[in-house]
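S.K.: Below, each chain spelled out in residue letters.
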Amino acid sequence: MSKKIELLVGAFLFAGIAAILMLGLKVADSQLGGSSESYKLVAKFSNIGGLKVRSSVKVGGVVVGRVASISLDEDFAPKVVMEIDTNFNQFPDSSSVAILTSGLLGEQFVGLTPGFVDEETEILADGDLIEDTRSAMVLEDLIGQFLYGNSED
Amino acid sequence: MLINTIQNLGRSGLSTIAGLGRAGAMLFGALKPSGRGFKLLPLLIKQLYVVGVQSLIIIVVSGLFIGMVLSLQGYTILVGYGAEQSLGQMVSLSLLRELGPVVSALLFAGRAGSALTAEIGLMKATEQLSSLEMMAIDPLHQIVAPRFWAGIISLPLLASIFSAVGIIGGHLVGVDWLGVDSGAFWSVMQSSVEWQEDIVNGGIKSIIFAIVVTWIALHKGYDAVPTSEGISKATTSTVVQSSLAILGVDFVLTAVMFG
Numbered sequence: 668m669s670k671k672i673e674l675l676v677g678a679f680l681f682a683g684i685a686a687i688l689m690l691g692l693k694v695a696d697s698q699l700g701g702s703s704e705s706y707k708l709v710a711k712f713s714n715i716g717g718l719k720v721r722s723s724v725k726v727g728g729v730v731v732g733r734v735a736s737i738s739l740d741e742d743f744a745p746k747v748v749m750e751i752d753t754n755f756n757q758f759p760d761s762s763s764v765a766i767l768t769s770g771l772l773g774e775q776f777v778g779l780t781p782g783f784v785d786e787e788t789e790i791l792a793d794g795d796l797i798e799d800t801r802s803a804m805v806l807e808d809l810i811g812q813f814l815y816g817n818s819e820d
Numbered sequence: 057m058l059i060n061t062i063q064n065l066g067r068s069g070l071s072t073i074a075g076l077g078r079a080g081a082m083l084f085g086a087l088k089p090s091g092r093g094f095k096l097l098p099l100l101i102k103q104l105y106v107v108g109v110q111s112l113i114i115i116v117v118s119g120l121f122i123g124m125v126l127s128l129q130g131y132t133i134l135v136g137y138g139a140e141q142s143l144g145q146m147v148s149l150s151l152l153r154e155l156g157p158v159v160s161a162l163l164f165a166g167r168a169g170s171a172l173t174a175e176i177g178l179m180k181a182t183e184q185l186s187s188l189e190m191m192a193i194d195p196l197h198q199i200v201a202p203r204f205w206a207g208i209i210s211l212p213l214l215a216s217i218f219s220a221v222g223i224i225g226g227h228l229v230g231v232d233w234l235g236v237d238s239g240a241f242w243s244v245m246q247s248s249v250e251w252q253e254d255i256v257n258g259g260i261k262s263i264i265f266a267i268v269v270t271w272i273a274l275h276k277g278y279d280a281v282p283t284s285e286g287i288s289k290a291t292t293s294t295v296v297q298s299s300l301a302i303l304g305v306d307f308v309l310t311a312v313m314f315g
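Chains A and B supply the protein sequences, listed in that same order.
Numbering (my numbering) for the first sequence: 668 to 820.
Numbering (my numbering) for the second sequence: 57 to 315.
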């Protein structure tokens, strides 16, 4: 009797831990033991729209990294730090980033466009600043411009 | 007339405070080191069986059905916006953040809490607790402490089993029956669920619910009037008070964690 109870309690604890593992690995998709190697790139925008920490960074639709932090620098310009997977470490410093929206009302992400390569370009390394940025399109501003532009005519 | 009302109010207020004091003293007495340490482990395993294993079936079945219902309801609403891909996100976030911890704590209060109260109340009525004291065994260590720890260990595990089974149930209805794309179901879920934000916070919730429910159940049993009527009253008030406490504490915790 006591043996059976021990067995059942063990199975119960095991099932509980298995459920936690399933939630962690399958549902939240968190990597155990530190995620894969990454390096940081910095970009300054004039407006980041609805970009959030952990929004994805994409090159041609392929996720290469995530937004690590968003802060204001000393000139009150939004500063976005991105963590890029080290598998993708060959971006020249002529690359540009833009804040894009997936779909009409979807979530916002950082689109990275690799630039040209010639003798003067260097490869972006950890902590480098990407100069060429394009800010988020804010729908209200667009509507405002549209209305203002029409009334000028 | 007025004096009587005020007297009654004062009496019930004082007895509430005294009850709180007895509950605190009971918990303190049960948790202070007994010097017997690991000798109490077999008692804990027995209680894990009673409190945890025997609650498993009701948790699994209700988790499955709640996941299935969430999926069905969510689908009919989301499909109107063409957003049925987000079904996995809806099902998993509502289970992990709210329904998993709260519903499993409510079921736990009904299934295990009432049994704990009735058992300890009957022990008191049949003077088993007094006989333990006569044998120089502290009933708080022998009876209350193993049940308390068993509740604290069991409920978070039960809540995570509830959420996991619920998500499987949601997958069953959403993907296998209603035809949401399986890849989209999982990938939207994975990109929106965060380990720290959702799963750990849900776990903290269910640990706090476990403390609340087990404490109320043990106190009500230990403090019951040792008659058959007193035990039935104590069992009822265990279920009522711990359910209300769960919902109230849940509001506060949600406001702190996600507000």
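Certain hints may be false.
As the list claims (entries may be wrong) - Listed next, with one range per pair, are the computed distances between beta-carbon atoms:
no. : chain 1 : residue 1 : chain 2 : residue 2 : range
1   : B       : 89        : A       : 678       : 29 to 37 Å
2   : A       : 795       : B       : 239       : 33 to 41 Å
3   : A       : 774       : B       : 178       : 21 to 29 Å
4   : A       : 804       : B       : 128       : 51 to 59 Å
5   : A       : 785       : B       : 139       : 21 to 29 Å
6   : B       : 128       : A       : 753       : 37 to 45 Å
7   : A       : 809       : B       : 240       : 49 to 57 Å
8   : A       : 798       : B       : 139       : 47 to 55 Å
9   : A       : 680       : B       : 75        : 47 to 55 Å
10  : A       : 678       : B       : 239       : 55 to 63 Å
As the list claims (entries may be wrong) - From the derived model, a few chain A residues whose C-beta atoms are all more than 10 Å from chain B:
no. : residue
11  : 694
12  : 716
13  : 721
14  : 731
15  : 788
16  : 801
17  : 808
In short, the hints are calculated from the structure, not lab data.
Backbone N, C-alpha and C fix where the C-beta goes; we use that ideal spot for every residue, glycine too.
S.K.: Indicate, hint by hint, whether the structure satisfies it.
M.R.: Verification of the hints:
| no. | hint | verdict |
| --- | --- | --- |
| 1 | B/89 x A/678: 29 to 37 Å | holds (30 Å) |
| 2 | A/795 x B/239: 33 to 41 Å | holds (35 Å) |
| 3 | A/774 x B/178: 21 to 29 Å | violated (57 Å) |
| 4 | A/804 x B/128: 51 to 59 Å | violated (37 Å) |
| 5 | A/785 x B/139: 21 to 29 Å | violated (45 Å) |
| 6 | B/128 x A/753: 37 to 45 Å | holds (44 Å) |
| 7 | A/809 x B/240: 49 to 57 Å | violated (30 Å) |
| 8 | A/798 x B/139: 47 to 55 Å | violated (38 Å) |
| 9 | A/680 x B/75: 47 to 55 Å | violated (34 Å) |
| 10 | A/678 x B/239: 55 to 63 Å | violated (32 Å) |
| 11 | 694 | violated (5 Å) |
| 12 | 716 | holds (19 Å) |
| 13 | 721 | violated (8 Å) |
| 14 | 731 | holds (15 Å) |
| 15 | 788 | holds (33 Å) |
| 16 | 801 | holds (24 Å) |
| 17 | 808 | holds (26 Å) |
The structure does not agree with the numbered hints 3, 4, 5, 7, 8, 9, 10, 11, 13 stated previously, though it agrees with the rest.
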